[in-house]
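Residue strings, one per chain:
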Amino acid sequence: MVSSEDFGQFEPAWCPGCGNFSILKCVKEALAGKDIAPHEVLFVSGIGQAAKAPHYLKCNLFNGLHGRSLPVATGAHLANPELRVIAESGDGCNYGEGGNHFLAALRRNVNITLLVHDNQIYGLTKGQASPTTGLNHRTKAQPGGVKREPFHPLAIAVAMKAAFVARGFTGMQEQLVSLIQEAMNFPGFALVDILQPCVSFNHVNTLQWYKKRCASLDDSYDPTDWERAMSKSMEWGDSIPTGVIYKNEAATPFADHFPALSSGPLMHQKREMEVVAEIMESYA
Amino acid sequence: MVSSEDFGQFEPAWCPGCGNFSILKCVKEALAGKDIAPHEVLFVSGIGQAAKAPHYLKCNLFNGLHGRSLPVATGAHLANPELRVIAESGDGCNYGEGGNHFLAALRRNVNITLLVHDNQIYGLTKGQASPTTGLNHRTKAQPGGVKREPFHPLAIAVAMKAAFVARGFTGMQEQLVSLIQEAMNFPGFALVDILQPCVSFNHVNTLQWYKKRCASLDDSYDPTDWERAMSKSMEWGDSIPTGVIYKNEAATPFADHFPALSSGPLMHQKREMEVVAEIMESYA
Amino acid sequence: MGSDKPQNRLQVRIGGEAGQGLETVGQMLAKALTRSGYGVLTTQSAMSRIRGGHNYFSVYFGTEQPLAPGGQVDLLAAFTQETVEIHQDRVGERGLVLLGEDMDTQGMERSLQIPFSQLVEEKIVYNVLALGVLADLLKLDTEVIDSVVRDTLGSRHEELLENNLQALQKGREWLQSQSPDFQSLGTSEQKDRLTVSGSQAVALGALAAGVNFCSFYPMSPATSIAINLVGHAESAGVVVEQAEDEIAAVNMAIGATFCGAKSLVPTSGGGFALMGEGVSLAGMTETPLLIVLAQRPGPATGLPTRTEQGDLELALHSGHGEFPRAIIAPGNHEECFSLSGQALRLAERYQSPVILLVDQYLVDSIRSVPRFDIEALQDPVQPGSTEQGQEGYERFALTEDGISPRLIPGAGQDLVVADSDEHTPEGHITEDRRVRTQMVEKRLKKMEGLRSEVIAPSYQGPDEPDLLLVSWGSSQGVVQETAGMLHSESRQVATLHFSQVWPLVPEQFLECLQRAGSVISVESNATGQFAGLLRRETGFEISQQVLRYDGHPLTTDFILKKLEDSGLA
Amino acid sequence: MGSDKPQNRLQVRIGGEAGQGLETVGQMLAKALTRSGYGVLTTQSAMSRIRGGHNYFSVYFGTEQPLAPGGQVDLLAAFTQETVEIHQDRVGERGLVLLGEDMDTQGMERSLQIPFSQLVEEKIVYNVLALGVLADLLKLDTEVIDSVVRDTLGSRHEELLENNLQALQKGREWLQSQSPDFQSLGTSEQKDRLTVSGSQAVALGALAAGVNFCSFYPMSPATSIAINLVGHAESAGVVVEQAEDEIAAVNMAIGATFCGAKSLVPTSGGGFALMGEGVSLAGMTETPLLIVLAQRPGPATGLPTRTEQGDLELALHSGHGEFPRAIIAPGNHEECFSLSGQALRLAERYQSPVILLVDQYLVDSIRSVPRFDIEALQDPVQPGSTEQGQEGYERFALTEDGISPRLIPGAGQDLVVADSDEHTPEGHITEDRRVRTQMVEKRLKKMEGLRSEVIAPSYQGPDEPDLLLVSWGSSQGVVQETAGMLHSESRQVATLHFSQVWPLVPEQFLECLQRAGSVISVESNATGQFAGLLRRETGFEISQQVLRYDGHPLTTDFILKKLEDSGLA
Ligand SMILES: Cc1ncc(C[n+]2csc(CCOP(=O)(O)OP(=O)(O)O)c2C)c(N)n1
Ligand SMILES: Cc1ncc(C[n+]2csc(CCOP(=O)(O)OP(=O)(O)O)c2C)c(N)n1
Ligand code: SF4
Ligand code: SF4
Ligand SMILES: [Mg+2]
Ligand SMILES: [Mg+2]
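Protein chains in written order, with the working numbering: chain A, 1 to 284; chain B, 1 to 284; chain C, 1 to 569; chain D, 1 to 569.
Check before you lean on any hint, since a few could be wrong.
Here are a few chain A residues that sit away from chain D, every Cβ distance over 10 Å (derived from the structure) [to be verified]: (1) Glu97; (2) Gln208; (3) Asp225.
Calculated cross-link-like contacts (lysine to aspartate or glutamate; reagent style EDC-like; alpha-carbon spacing at most 20 Å) [claimed, not checked]: (4) B:Lys270 to D:Glu234; (5) A:Lys147 to B:Glu182; (6) C:Lys562 to D:Glu234; (7) C:Lys170 to C:Glu159; (8) D:Lys442 to D:Asp432; (9) A:Lys140 to D:Glu121; (10) A:Lys34 to A:Glu182; (11) B:Lys140 to C:Asp151; (12) D:Lys191 to D:Glu334; (13) B:Lys147 to C:Glu234; (14) D:Lys562 to C:Glu159; (15) D:Lys170 to D:Glu121.
To be clear, the hints were calculated from the coordinates, so they are not data collected in a lab. Just so you know, these numbers come straight off a predicted model, no measurement behind them. Ideal Cβ placement from N, Cα and C applies to all residues, glycine included.
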């Protein structure tokens with residue numbers, strides 16, 4: 001049995017009180033709860049405070065470039081679909097610099113899990129607006145307030161009929177653990193957008209602010225009803241729904257489409273010299 | 001009075017029978033119909049067959065990089081909001097390479113018009129799948145068929161509550177002319193996705209294929225009803241709706257938020273030497 | 001008029017609009033000529049459009065292998081009037097122009113008008129009909145040309161094949177009824193050869209070296225490499241994925257390689273410009289990365305379907321910060337095959353980015369080459385054993401040669417940690433200045449190994465020549481041919497060719513430069529990028545340069561003319 | 001222990017965790033010292049985190065302006081025990097350590113323990129209390145330090161200001177009760193100066209030159225330049241937009257400039273690596289483009305908050321294809337101001353990309369400088385008259401100097417057409433090889449103009465020195481100070497500094513290199529990029545190099561030690 005402790009103890013370079021600590025804890029619990037050992041999982045992250053998270057976890061890790069965790073994760077998965085791949089990064093990383101990859105990942109339906117630490121701000125670079133920063137929110141870089149409509153990651157994911165779309169909140173940890181587990185269980189691209197207070201730079205969307213608003217979807221909610229999910233995904237105001245917003249069980253995981261992968265990870269495959277010879281013959 | 005002829009006659013490098021010819025014609029008519037002279041408009045395009053279109057039009061033109069028409073158009077507009085800016089490019093350009101800019105433009109609500117020649121294929125590079133290529137559509141680059149869910153530009157635009165979202169079709173030219181005009185009239189970011197047969201590389205979505213399916217939205221359709229528009233934007237099958245899918249009249253055009261632009265185009269603004277002196281004093 | 005050319009060579013040019021099937025005819029002709037024992041080299045001039053405009057495809061062949069595009073045209077098959085106008089002057093005295101019956105011969109005496117519409121019904125087979133005419137003019141064996149058509153079209157519809165074979169036959173028969181005055185070449189007996197394009201050779205070389213992952217975003221002239229791989233994806237066990245953009249392409253390949261794939265990313269200048277941050281990432285995380293950079297003329301979109309060697313400096317310096325890399329620039333089709341494998345091996349061995357620098361001319365041209373010796377290929381480099389299972393695995397362990405043991409995550413119990421930030425040997429973020437210094441030095445130390453494995457430039461000619469021509473990459477052949485033409489008793493001419501352009505090891509060639517009377521470099525760019533690099537690395541200044549930058553491949557004619565113009569030849 | 005330093009200088013170091021307000025104290029102290037007539041130079045060492053870790057801020061000042069970071073520390077204000085541990089050894093014999101009452105003096109005799117919690121209630125003002133202590137130790141005028149605190153915090157809450165002023169007062173009073181044994185400097189009378197950071201100077205210079213558009217994506221250490229501009233956006237009439245990514249940032253600026261804005265794009269290495277295609281686009285469309293590239297150590301994410309000069313080669317070669325550019329690398333804060341304007345002018349005049357190459361050390365360090373002479377500034381370069389109204393306007397007209405008349409779309413009746421493909425003079429796509437050749441040559445011809453306006457390198461010292469130190473960009477000051485220390489009767493030392501690194505005009509400096517006994521280059525990178533460039537352009541080889549690549553700025557100590565180690569000093 002794997003336990004949370006198996007993922008080690010590190011000293012995160014986060015601010016005291018940061019929501020990232022809760023996510024780290026929940027990730028460990030989710031993995032332990034699913035009995036996944038450190039070497040069975042690969043974390044891929046970008047750059048930002050969120051993207052440091054896997055450094056504080058015993059695991060395989062590729063901590064790449066800002067905005068590029070999804071393509072790396074996709075490549076990793078397509079090289080070895082047997083390895084569990086979790087992409088973990090911030091809102092800026094995934095929805096800002098990496099926006100095009102987010103769209104592509106939704107379309108590809110790669111069987112990986114995406115955990116977005118959504119603090120609605122660029123934390124590591126000291127507090128500029130991220131795509132999810134609210135309208136009129138003032139920052140040093142946007143002293144007159146943000147004048148772009150916030151990006152609604154869940155709405156986009158649902159509009160694209162993504163496989164699994166959920167929202168978690170660092171203040172609702174039990175739910176968060178199970179959302180991460182459900183996401184990992186789901187065969188296809190699974191997004192968990194996690195509301196995470198940034199105590200240093202987001203003084204609007206504080207822990208209290210989220211606590212007042214976040215409410216678990218109740219059992220009557222049917223996440224397979226697309227139209228319903230579409231509206232739900234846009235709810236952002238006095239009440240913010242958490243839980244599984246949408247599931248599309250019909251979607252086929254992407255790796256299944258590659259004949260080359262039917263015989264397992266690429267690293268174990270031999271060079272096909274007969275095929276090379278055959279191709280050469282076709283040029284004769 | 002401006003007439004279509006004022007936009008000149010050129011020899012397009014397109015294949016005979018290509019839907020691009022119709023779009024070119026409709027664009028000319030739309031401009032002439034609105035009495036816009038060549039020098040009053042700036043076209044910005046990317047790279048692809050579609051992106052060549054403005055070369056066949058007397059106009060101001062910046063024909064930039066593949067995928068990057070929107071940021072150039074945004075910059076142009078923010079330098080001179082008085083100039084009418086039309087971005088014109090292909091599906092690959094806007095939704096593929098330029099996907100992140102598409103998202104950003106929707107969020108910014110810059111007052112420009114985006115005409116997407118959507119032939120559901122990469123034409124200029126000889127027929128690879130574009131983001132809008134249908135599931136299982138076979139191409140040279142996807143000999144086993146495309147295995148990614150097609151991108152639904154209208155759905156994404158509606159999900160983001162874009163200002164103006166419409167679909168045109170080269171086989172419905174009268175409507176197309178008026179859609180382009182409406183888009184230009186609308187104060188905010190206006191998307192017209194134009195279904196356009198590619199006779200050389202898309203043998204699935206042919207003129208006939210579109211003709212059989214495309215149907216104008218009728219007068220009873222209310223494009224300001226978001227939920228309705230959301231469903232409508234996903235309709236793609238035996239019937240494909242054309243017309244204005246969604247309008248969001250509440251959205252404020254982006255340039256209005258910049259105090260610097262209240263006194264007109266940047267090119268006419270003087271360097272503020274007193275302000276420079278003042279800032280310098282603050283360092284003393 | 002092109003310059004004189006060897007007696008034992010002929011050039012066929014097929015010109016017309018995009019979409020008229022010129023390329024198909026040219027390719028089949030090239031294959032038929034190769035099978036008939038000739039040495040063949042083709043070039044194509046295509047506009048950036050799908051239909052219309054003016055394109056042409058040239059098949060240059062001889063009893064010996066031509067190494068460079070030809071000058072004078074011997075047979076011009078003109079599918080449009082424009083073709084006649086543009087190429088008429090290039091047709092030699094003994095040459096012949098084939099054109100449609102309905103076209104204007106413009107007073108040319110040596111022309112043949114083919115009555116296409118009387119011979120066949122469908123326009124779509126006009127091109128193959130013309131192929132029949134050409135084949136017969138060139139005295140190709142019926143069986144050979146038939147077999148080529150069969151092999152090329154056989155995989156498509158039966159009916160289509162039949163129609164084409166008939167058109168071929170009609171063309172042949174019609175020609176026989178004409179008894180034109182045209183002198184073909186004597187027979188040639190070269191055996192056991194392939195007819196391959198540069199991109200086919202690159203793709204095959206990559207497969208033979210173990211490539212099993214390819215992520216790409218379409219861009220001329222690189223797309224064909226991906227298309228070649230995807231065509232064999234199933235049988236050869238390759239994952240080929242079209243990415244959403246070039247940034248995704250390079251990052252996907254890095255992710256795949258990190259997890260044990262052998263990856264290749266084909267692109268062209270604009271796409272490569274977008275990959276710079278990814279190249280730097282590969283440098284920092286020490287992930288093998290093989291990029292095939294197929295150059296076309298820039299800047300920006302430039303001339304999408306034409307050729308240039310204008311991205312050498314970008315290849316050398318792309319990516320921010322400092323890290324080792326190698327740049328290999330095959331000089332011909334055999335090297336496209338063998339060096340794409342070498343490039344992959346270097347990437348894997350030194351865990352670094354390696355760029356295979358080709359260009360439109362090289363990847364699109366077709367050539368007859370001896371069968372590749374695939375038996376002799378080395379085994380793919382394998383990452384370290386993956387079963388250590390010990391706590392202390394360090395992905396970035398400090399070693400003598402800078403190369404750390406590379407394990408694959410998921411292959412065993414060891415945890416593999418890689419970071420784009422500066423990192424400790426274990427792969428975790430650090431800002432420690434001592435560790436930083438060690439890591440910079442460790443990474444750069446790999447340059448030593450790369451240097452020790454450099455492909456030495458090849459020198460041909462007398463030891464102390466009056467004139468030394470320096471070339472790199474795809475201009476190998478044309479420079480060798482030019483040197484051959486310039487060389488005489490009274491004027492000793494040699495060539496120095498680089499098929500690897502980074503790193504450079506001056507000891508391998510500096511003396512050659514110093515011993516020559518005068519040194520002239522030949523490049524397909526406007527600023528003499530390689531000459532600049534040579535000077536940076538050796539101090540040796542090549543002040544005389546032949547530079548071409550109009551988008552067309554270097555030819556012997558072009559080089560000779562430039563040399564003459566500047567009083568050098 | 002740091003090396004000896006001039007008697008007339010002192011160094012204060014404030015160390016602790018991120019989030020303890022060290023930077024604020026340091027900045028206020030710097031300003032107060034400048035106002036008191038001293039010359040000041042600050043450096044900061046910050047980790048890539050928001051709270052915790054170990055950061056420090058050093059304020060080096062003297063009766064004359066220090067040009068380089070200091071070595072030995074005279075006053076250490078330690079906010080954490082770690083600070084004491086790390087910096088204890090750097091404190092000079094006559095130096096003093098300030099620390100909290102609850103901290104361990106670790107046996108240091110020359111230390112002062114401040115009873116923070118007894119003096120004030122809120123932790124948040126501890127830093128300003130320490131500032132009070134420091135100010136009094138340094139014998140700063142009460143009014144001066146008060147005014148600085150007022151000016152700095154005045155724009156925020158009244159109450160906050162009051163609390164801070166009280167804390168300041170408490171600190172001062174407490175110190176007066178201690179009568180510590182510390183020797184401050186004599187007075188200095190430098191007048192009329194500013195206290196600016198490099199990024200403030202760049203931003204102000206840009207505004208003064210007419211910049212009115214800035215698109216950026218946040219990235220350390222470049223963000224501060226955008227933040228400086230956005231702070232004045234309303235009053236100065238600047239459009240500042242945070243883009244969705246760096247590719248958007250560069251393309252937006254190109255679009256804005258095309259429509260008549262004067263644009264600036266600040267970024268760092270990784271972001272710049274993503275902009276290469278855009279740089280090439282500016283080259284091809286001949287759109288002015290000013291990028292401020294603030295370097296930090298790479299590759300990849302590297303050391304985000306530290307310094308390096310590792311992106312010179314990337315700046316030189318970014319973007320595919322060939323086109324002209326200029327690269328300006330200010331040597332100090334005055335040049336940050338004046339040369340950002342010069343960079344914009346070159347971009348506008350030559351309608352080309354220009355890169356202003358700075359680094360974390362330069363942009364983040366604060367310095368006292370004479371007031372900028374804004375009266376003397378040139379008028380901004382204006383595009384051509386925009387009222388020609390004639391049919392035949394050619395955006396890319398072929399001209400003598402390669403510079404075509406540039407009109408702005410929408411400014412008049414003329415149609416302005418620009419294309420990223422190769423184009424005719426009117427701006428439309430062409431594949432004509434003659435036009436292509438002309439256009440390549442036209443673009444490259446602009447290099448001549450750029451060469452004619454190059455900022456000549458500055459030479460200081462005797463004509464035929466025994467030793468010549470070569471530097472570029474931000475290392476100007478440290479190399480000058482080092483030369484000063486090495487220079488003696490028996491050893492003549494000179495410096496050659498480049499504030500523009502491309503193009504290079506060898507006639508301006510080659511002789512200097514040749515006349516010197518030995519030549520040593522000093523760079524903040526691991527491969528000696530500038531020395532390589534010099535060799536490429538002149539053939540001159542600088543074989544002795546002092547290179548620093550641990551992320552920290554060059555210091556005289558570092559250079560002297562390296563020279564000693566290699567027997568050169
Ligand atoms: C190409 C590139 N651009 C910009 C940066 C600078 N950068 C680092 S982290 C970051 C923002 C991080 O925001 P987010 O992803 O939301 O993470 P957070 O710090 O808030 O957890 C940025 C812009 C970078 N490292 N690379
Ligand atoms: C950075 C970059 N990548 C790739 C290309 C090659 N390219 C040119 S056009 C094109 C696709 C065009 O497709 P689309 O935008 O749908 O236009 P269409 O030709 O179908 O009208 C591509 C991939 C390029 N020019 N630049
Ligand atoms: S800056 Fe915000 S997100 Fe980053 S560690 Fe601090 S609190 Fe967390
Ligand atoms: S390839 Fe397709 S889109 Fe391009 S011109 Fe031809 S028909 Fe039109
Ligand atoms: Mg964030
Ligand atoms: Mg298309």
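Verification of the hints:
no., hint, verdict
1, Glu97, "violated, 5 Å"
2, Gln208, "holds, 20 Å"
3, Asp225, "holds, 32 Å"
4, B:Lys270 to D:Glu234, "holds, 14 Å"
5, A:Lys147 to B:Glu182, "violated, 24 Å"
6, C:Lys562 to D:Glu234, "violated, 58 Å"
7, C:Lys170 to C:Glu159, "holds, 16 Å"
8, D:Lys442 to D:Asp432, "holds, 15 Å"
9, A:Lys140 to D:Glu121, "violated, 29 Å"
10, A:Lys34 to A:Glu182, "holds, 10 Å"
11, B:Lys140 to C:Asp151, "holds, 19 Å"
12, D:Lys191 to D:Glu334, "holds, 16 Å"
13, B:Lys147 to C:Glu234, "holds, 15 Å"
14, D:Lys562 to C:Glu159, "violated, 79 Å"
15, D:Lys170 to D:Glu121, "holds, 11 Å"
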